[in-house]
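Chains as they are written, first to last, in the numbering used here: chain G, 1 to 298; chain W, 299 to 519.
In short, the hints are calculated from the structure, not lab data. Among the clues, some could well be false.
No more than 30 Å apart at the CA atoms, straight line, and that leaves these computed lysine-lysine pairs for DSBU-like [claimed, not checked]:
id: 1; chain 1: G; residue 1: 219; chain 2: W; residue 2: 510
id: 2; chain 1: G; residue 1: 104; chain 2: G; residue 2: 243
id: 3; chain 1: G; residue 1: 273; chain 2: W; residue 2: 510
Note that the structure is a prediction, hence the values are computed from the model and not measured.
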Amino acid sequence: MSTNEHQFLLKALEEGLRLDGRKPMQMRPLNIEVGPDYGQMLVTLGDAKVVVRISSEIVTPYEDRPFEGIFQVSSELDGMGHPSFNEASHRQEEEVMLSRLIEKAIRRSNALDLESLCIIAGQKCWSVRADVHIIDYDGNMTDIVCIGVIAGLLHFKKPDISIRNGTVILHDMSEREPVPLSVLHIPICVTFQIYSSGSMEDNVKGDGREFVIVDATLKEEALTQGTITLTLNSNKELCQMSKSGGINLEVDEILSLTNEAQIIVDDFTKYIKDTIKKDEELRVNPLQKELQVVNSRE
Amino acid sequence: MVLPEYQTSLLNKVDGSSTISIGEVKVICSVTGPIEAKPRQELPTQCAIEVNIRPEVGVGSTREKNMEDKLRVVLNGTINKFQYPRQLIQVHLHIISKSQATENNLKDLHACINGAYLALIDANISLLSSFLSTYAVINDDRLIFNPTSEQIQSSISHHLVCFDIKSGRADELLFVDSVGEFTEGELMTVLDQSIEEIESMNKIVRKTITEKVSRDYIWKY
């Protein structure tokens, strides 16, 4: 980026203006397109796009965790997302940061109940895998990948099983209704970029003025001076906070960011739930609905 | 004839992109180029072509490598390589959902070839000719184009045919891949019928491409 463009962007941000006309605390529009299979979706946030695919298979559990299933997230960046990712060195740093944050946000916050994936303790368990492919890279990958994985998990259904005399019988999707995963809560990441109007020295002394924007695009991300990622769920629980380096931020500033993030999280949680519910209704076989003897439990 | 559903220019950071759905198979394709080649890829008189295919789950295996090699054969014959000496053209494909018939990967490859063609045009890469492919099976002595997965599973032989197209006519055979048991006569029938199939497909694809190009170049002179 040229110095001119750099200064122009910074100045605009300082005045609360953004290139795409958003307000500083406004996310880009989120869109989730559900695919024909369970756990398959295309998530779009502005110009950024990811393809998510959740899959499951039956494996032997880890020896030290006999009562738990396995959950893996693999996110891939390649030349399809941005031509600069052709060089492994450029890709590696981004990839490591991304996978660490997603790991903390979703796996360690126990969003997916691993014990419910156990079939026979120490012998058989489900292994759930989330493949995320970033096909269009336009900044703020953490948030979009997190939304993709959690929406995928909520949408995914694994085939039903039954156990008879110690043998596991896997029922076909057409034979028995597939079962959804037990997702305990919906953590959503919100990433803020911090900029300072003064020099580094002013920032440390507390003289400079900091300004924060949410959901940065690639250009805005390129000139960031500090990043903070907050992961919350709709129960107002903070699952993760990550700020690795960058300029200083006052504690009360962080608290107000948490409140901002909460609004975004509630909004997205509702959108994800609505999208999945709508898709669920489309999938119900009309004949099956008619033949059902039980009343709906809602 | 079942027409594939397709869309171009859906990605912003690459030079050209397309998505194509043929039955249950869906593929996203992106083309970047001509860009600087890595020293080991660089060819003094022509461009290098890199093909990457990513499966729907996990990382690429021998199945994808095999498809990459076959797709490279088609691209090598159609991209005007001498136009871009010492440069690189990169083709990335992601199979969003693969064929339910897992006996062979021809249906996926069929989607990849046609997807790559659309993405190359979207990227304004110089081509020697147009190209399209068809996928046919022989089922109960009947030749079926664009079979469903049930038809694929009960078929004796499978054929993927790719022709280059010059002035609206299928010209030379670029690539043919057949799996199963068949006679020479049957293969010849498949090739003959494929020509008609490809030519009628080309008429429709060409129409949408013409519209697309006139939309893209609004500053005519």
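To see whether the hints hold, each was checked on the structure:
Between residue 219 (chain G) and residue 510 (chain W) the alpha-carbon distance is near 29 Å, which keeps this suggested pair within the 30 Å criterion. With a C-alpha separation of about 13 Å, the suggested pair residue 104 (chain G) and residue 243 (chain G) falls inside the 30 Å cut-off, and the hint holds. Simply put, residue 273 (chain G) and residue 510 (chain W) have alpha-carbon atoms about 37 Å apart, too far for the 30 Å limit, and the pair is violated.
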